[in-house]
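*Asks:* Please model the complete structure; the sequences and the hints are all you need to start from.
4 protein chains.
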Amino acid sequence: MVQGHVNLNTEKTEQWIQEYVDGWVEFFKKQTDTGKVADYIPKLEEADPNSLGITIIGKKGTEIRSGDVEHEFSIQSISKVLSFITACMDRGIAYVLQRVDVEPTGEAFNSIMHLEVKGHQRPFNPLVNSGAITTSSLLSGNTSDEKLEPLFQLMEKIIGRRPEIDIDVYVSERDTSMRNRAIGYYLLEEGYLESDLGVTLETYFKQCSINVTTDDLARIGLVLSNDGIHPETEEIIIPRNIVRIAKSLMLTCGMYDASGKFASYVGIPAKSGVSGGILAVVPPRVRENELPFLSGCGIGVFGPALDKQGNSVAGIKLLRHIANSWDLSLF
Amino acid sequence: MVQGHVNLNTEKTEQWIQEYVDGWVEFFKKQTDTGKVADYIPKLEEADPNSLGITIIGKKGTEIRSGDVEHEFSIQSISKVLSFITACMDRGIAYVLQRVDVEPTGEAFNSIMHLEVKGHQRPFNPLVNSGAITTSSLLSGNTSDEKLEPLFQLMEKIIGRRPEIDIDVYVSERDTSMRNRAIGYYLLEEGYLESDLGVTLETYFKQCSINVTTDDLARIGLVLSNDGIHPETEEIIIPRNIVRIAKSLMLTCGMYDASGKFASYVGIPAKSGVSGGILAVVPPRVRENELPFLSGCGIGVFGPALDKQGNSVAGIKLLRHIANSWDLSLF
Amino acid sequence: MVQGHVNLNTEKTEQWIQEYVDGWVEFFKKQTDTGKVADYIPKLEEADPNSLGITIIGKKGTEIRSGDVEHEFSIQSISKVLSFITACMDRGIAYVLQRVDVEPTGEAFNSIMHLEVKGHQRPFNPLVNSGAITTSSLLSGNTSDEKLEPLFQLMEKIIGRRPEIDIDVYVSERDTSMRNRAIGYYLLEEGYLESDLGVTLETYFKQCSINVTTDDLARIGLVLSNDGIHPETEEIIIPRNIVRIAKSLMLTCGMYDASGKFASYVGIPAKSGVSGGILAVVPPRVRENELPFLSGCGIGVFGPALDKQGNSVAGIKLLRHIANSWDLSLF
Amino acid sequence: MVQGHVNLNTEKTEQWIQEYVDGWVEFFKKQTDTGKVADYIPKLEEADPNSLGITIIGKKGTEIRSGDVEHEFSIQSISKVLSFITACMDRGIAYVLQRVDVEPTGEAFNSIMHLEVKGHQRPFNPLVNSGAITTSSLLSGNTSDEKLEPLFQLMEKIIGRRPEIDIDVYVSERDTSMRNRAIGYYLLEEGYLESDLGVTLETYFKQCSINVTTDDLARIGLVLSNDGIHPETEEIIIPRNIVRIAKSLMLTCGMYDASGKFASYVGIPAKSGVSGGILAVVPPRVRENELPFLSGCGIGVFGPALDKQGNSVAGIKLLRHIANSWDLSLF
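Residue numbers (numbering that gives the first Met the number 0), protein chains in the order written: chain X, 0 to 330; chain U, 0 to 330; chain E, 0 to 330; chain H, 0 to 330.
Incorrect hints may have been included.
Unchecked claim - Here's a subset of chain H near chain X, in silico, CB distances under 10 angstroms, partners left out:
(1) E106
(2) A107
(3) S110
(4) I111
(5) L114
(6) E115
(7) T175
(8) S176
(9) I182
(10) Y184
(11) L186
(12) L187
(13) E188
(14) E189
(15) S194
(16) L196
Source of the hints: derived by calculation from the structure; they are not laboratory data. Computed from a predicted structure; not experimentally measured. We put the CB at the ideal spot given by N, CA and C, even for glycine.
*Replies:* What follows is the structure in structure tokens.
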């Protein structure tokens with residue numbers, strides 16, 4: 000719970016932050032007992048529930064890595080943020096938002112009933128499955144590869160390598176996700192899908208199966224923190240108004256049914272996935288103390304033991320502790 | 000720790016801002032046609048649909064007033080924020096959040112069905128009616144006056160005078176709000192109410208009937224922006240962790256079924272009421288441009304013509320325009 | 000056009016039926032373990048869970064009584080049938096059905112959510128609480144006593160004495176039924192109630208608190224079986240088109256969430272109450288076998304141990320056994 | 000409106016009934032304006048909205064045909080009754096009812112939300128789509144043809160020829176029914192389907208595409224009226240306990256969201272389909288007047304103009320009129 004008087008430009012300070020983060024990663028690693036690794040497909044089930052890793056990359060170049068940061072894991076629902084961004088870049092914000100709303104919902108992420116209760120209204124937001132599948136359908140292209148090309152290019156610009164799909168994960172997702180097919184056919188009937196359902200679902204399952212590391216997520220978070228501008232090249236990678244909506248969505252809907260609690264207790268835009276990953280964004284803040292990362296940073300977390308809402312048990316605890324120590328909350 | 004080189008203390012800058020705001024208030028006043036004044040009680044129905052007023056009070060003391068700022072109007076749902084804050088101050092955050100969650104909901108503000116669908120779960124959040132009534136029941140005291148005393152004292156510290164209840168509004172609310180009674184009895188059966196239902200509803204109707212001005216709302220917003228500290232006396236009026244949850248709730252749930260859109264397009268914590276008031280909070284921001292109010296401000300708006308979600312038509316347009324011009328969004 | 004060669008008027012046959020029923024009452028009395036006496040008010044909680052009694056009164060005058068037929072118990076939800084009948088006699092079928100539909104619902108008897116999901120539609124039917132409260136509001140009169148007078152007179156004509164309200168039950172119902180008050184206020188807001196809510200609920204609670212015996216229920220059932228005509232005086236007590244709708248409602252909606260199963264496995268119109276009473280109606284049937292009661296009968300059952308749907312555990316078993324033995328099903 | 004004293008065995012009586020029915024068919028043919036032919040597939044859209052035909056076949060051999068009885072039309076949802084019957088004959092009632100309940104629901108026939116609200120409970124009944132698809136999955140066989148063979152054989156025994164599938168209808172159903180695929184995948188995920196989803200849906204779409212005439216429906220109705228026994232050969236075609244549940248289901252759930260009203264106003268088991276067909280069953284009744292068809296009959300109706308619930312506008316009016324004239328109601 001210490002803050003105070005850190006000068007991020009000195010090596011000494013970085014060392015201090017590194018030790019601080021290492022200590023808490025060790026501490027929260029031991030608190031994964033209440034969680035459970037996702038087991039609906041084999042690859043996810045293989046994960047070590049006691050893993051915990053975090054990468055923090057600050058706007059000024061500071062990079063902190065701690066714990067199990069070497070793992071590759073499938074991006075899962077975190078891809079919904081990127082898919083929404085590329086759909087907006089491709090079709091325009093107005094076009095996308097006519098087909099998917101940006102309102103939080105109290106229903107489960109895989110709910111169909113809200114579509115039926117509301118009666119012929121677009122899905123609540125792009126971060127629930129109905130909205131994410133609709134968003135995938137909006138991507139240009141006749142095949143899933145064509146549709147995902149802009150997303151791949153965007154990721155490559157940010158993480159410095161072309162991302163790869165985990166074929167085992169993809170095949171498992173494709174062959175087991177009956178609920179997503181149910182949602183897909185419902186959306187098709189309601190007229191929300193703009194591409195063939197088979198291609199749409201293939202796109203959705205592929206985007207969920209992209210492999211990432213905590214470093215990748217931190218780099219993505221940093222670009223979002225930095226209003227869409229690459230922190231080194233200063234290139235505008237994502238238009239700012241799209242970044243803004245993406246961060247707003249992450250804050251209001253990013254952490255499944257615990258989004259409100261995460262906003263209240265942590266207070267930064269974040270999106271989690273069922274593989275245990277969390278992408279978090281710290282916008283620049285004004286604070287009177289000299290705390291780390293006040294000029295903004297991106298954070299990537301991996302901790303595959305999930306709580307009952309589907310979020311990384313240890314990841315949330317770690318983010319909450321750090322955010323409160325360093326006063327990172329937007330609020 | 001940079002805030003830009005606008006010096007808000009110079010008369011010239013303030014004059015420029017004043018003229019700018021005046022111009023847009025005039026402009027948006029003429030765009031109230033799509034809205035409709037609330038008509039479920041006589042006092043609200045009397046309001047002039049073309050009214051529009053705004054007060055902005057900055058941390059450094061700048062005060063901007065424009066349009067119809069002289070009106071008194073009932074605070075309505077905006078009181079839910081203050082009631083939540085006083086309940087947390089009175090009973091502790093943990094106690095309150097065991098009885099009311101902080102999750103956004105896709106259901107209407109006056110929904111009962113979410114309680115039935117979810118089955119014996121606490122109300123979604125303190126800003127929907129079921130959560131607000133539960134919150135009012137948590138306030139200490141045997142009478143509505145005893146229960147509201149801390150809220151009155153809090154408001155008095157902020158706005159500089161003891162607030163008054165509009166008796167006509169209170170009597171109308173009390174005598175017409177059948178849905179709130181339905182919600183109240185449902186909550187009573189489910190065991191969420193901690194005080195007599197009659198007293199609870201009386202408390203709720205009274206708190207909704209408190210008269211405020213745009214100045215009052217701006218001053219409240221400024222204290223929330225300033226982490227609960229009075230900007231002049233520097234007294235801690237509200238503990239910071241409570242302020243933080245309150246602002247998070249405003250962002251995720253403050254604008255009825257348009258909360259997600261408001262977060263995406265405006266991006267600041269706000270709470271609206273059916274009388275046409277909006278309480279908005281601008282936390283301090285880091286921006287490289289020289290824009291006004293980057294060190295934080297509170298905003299009060301009054302514009303009684305409402306859109307179909309129940310938010311001030313012109314008020315939202317005005318806030319969106321200003322927030323985008325001055326880059327006030329959190330995201 | 001008479002069937003069957005059983006002559007129910009002979010002492011020998013009656014004796015045989017009596018022994019048969021006695022045997023099965025004894026048998027099913029021992030099968031009440033899975034049930035539970037209603038415990039939300041003290042008077043109901045006092046009931047002996049092992050009680051089981053039945054009265055069968057045939058059109059031709061045969062009367063069979065077996066088990067605990069001497070008990071008085073509150074009529075509870077069975078009163079909804081009588082209240083619907085008197086409302087139709089008082090206001091006309093068309094008037095009543097414009098305010099309450101006659102459709103079965105998959106929701107619980109005390110659901111509010113169906114009103115919200117369907118959006119400004121009348122309650123599903125007069126046998127769920129929302130429909131029953133609406134029906135009670137339609138009864139003429141300014142007080143609950145005035146409203147219930149026709150119902151009392153109707154019952155008196157059938158059971159031969161003026162029925163009495165169990166004051167303890169009434170007071171308990173009135174003071175504990177928060178859900179019914181919630182429903183009442185919801186209906187009030189939606190505009191379905193035609194009398195003061197307080198008077199309406201008083202009426203509803205009073206009608207539920209009328210004391211009856213299995214004999215009384217059997218006599219009521221017999222009149223319904225006999226198309227509304229008193230079996231002795233041959234007076235038309237209830238118009239036939241109203242009796243028909245009442246029996247249809249009992250078949251489709253009379254046994255709470257087990258109505259469909261009761262229709263499938265027993266196949267006769269029936270209405271149960273939470274005190275353990277069942278009113279059942281056997282219309283005249285054509286059968287080639289020589290079975291008892293083919294010319295129609297009324298049945299009253301009392302067995303206070305309830306299954307999880309709220310129906311008498313032993314009562315349903317007994318009715319199912321008898322109906323199948325004697326081929327009483329409509330189908 | 001009075002009839003009476005008809006001796007069905009004389010030619011004169013039959014002639015009188017024929018003329019009576021002819022008159023009312025002509026009359027109700029002109030009352031199809033409020034209806035609309037189903038237009039979701041081309042073949043249904045081709046139907047003449049002013050068509051109306053009826054066949055009544057009595058237990059004693061009387062056959063009445065009137066209006067457009069020569070049309071072949073697809074059986075659509077009426078097949079759900081036959082599929083339920085063959086599934087019960089194949090797997091046993093208990094097995095089937097463990098997977099599909101027999102409770103009416105207030106939700107639409109193509110609802111998914113009830114599955115989500117109730118949470119892992121079997122579909123409400125075999126006459127809503129979720130229950131019918133589940134039922135089709137229970138039929139033995141590895142292909143849709145194998146699965147449907149018993150249904151075809153059952154129909155052949157009753158209607159005297161092997162029924163045929165309308166290929167155009169089948170192809171259209173298969174290619175357009177996205178909602179049914181959504182339901183199918185939902186059921187698959189919940190574990191209710193016992194055969195491959197593709198085969199299950201193929202089976203379901205094929206059974207809906209079987210061509211019938213009003214004569215066929217009347218013959219099926221007669222067998223159901225006659226407790227499953229062929230009226231001429233006296234062979235037991237369907238076990239009686241299955242017939243009983245089928246009739247009970249038709250009465251409580253057979254006419255979509257108007258089932259309760261049909262039970263109240265007409266009072267006989269019936270099942271409608273979107274092609275405008277109605278299968279109705281009149282069990283034998285005891286009445287003091289000598290009215291036609293009191294010993295039971297089957298009725299087939301065709302009238303493709305549908306009301307908003309999906310039932311034949313003119314068909315319902317005609318059935319209601321006849322049932323009331325001849326006192327056919329069960330109640």
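*Asks:* The structure should be examined with respect to each hint, and the outcome stated for every one.
*Replies:* So, going through the hints one by one against the coordinates:
1. Proximity of E106/H to chain X holds as hinted, the smallest CB-CB distance being about 9 angstroms (cut-off 10 angstroms).
2. Residue-level restraint check for A107/H holds (minimum Cβ-Cβ distance to chain X is 8 angstroms; threshold 10 angstroms).
3. Hint status for S110/H: holds, given a least beta-carbon distance of 6 angstroms to chain X, under 10 angstroms.
4. A cut of 10 angstroms between beta carbons decides the hint on I111/H: the least distance to chain X is about 5 angstroms, and the hint holds.
5. At about 8 angstroms, the closest approach between the beta carbon of L114/H and any beta carbon in chain X falls short of 10 angstroms, and the interface hint on this residue holds.
6. Satisfaction of the interface hint for E115/H is found here, the shortest Cβ-Cβ separation to chain X being roughly 4 angstroms, below the 10 angstroms cut-off.
7. At a threshold of 10 angstroms, the smallest CB-CB gap from T175/H to chain X is about 9 angstroms, leaving the interface hint in force.
8. Annotation: S176/H was flagged as interfacial toward chain X, and the flag holds, the nearest CB pair being 8 angstroms apart, inside 10 angstroms.
9. Proximity of I182/H to chain X holds as hinted, the smallest CB-CB distance being about 7 angstroms (cut-off 10 angstroms).
10. A least Cβ separation of about 4 angstroms between Y184/H and chain X falls short of the 10 angstroms threshold, and the interface hint therefore holds.
11. With its C-beta approaching chain X no nearer than about 8 angstroms, L186/H sits inside the 10 angstroms limit, and its interface hint holds.
12. Checking L187/H against chain X by beta carbon gives a least distance of about 5 angstroms; that is within 10 angstroms, so the hint holds.
13. Look at E188/H: its Cβ gets to within about 4 angstroms of chain X, closer than 10 angstroms, so that hint holds up.
14. With its C-beta approaching chain X no nearer than about 9 angstroms, E189/H sits inside the 10 angstroms limit, and its interface hint holds.
15. Here the hint on S194/H is broken, as its CB sits about 14 angstroms from the closest CB of chain X, past 10 angstroms.
16. The interface hint given for L196/H is met, as the beta carbon of that residue sits about 8 angstroms from the closest beta carbon of chain X, less than 10 angstroms.
Against the hints set out earlier in the document, a violation occurs for number 15 only.
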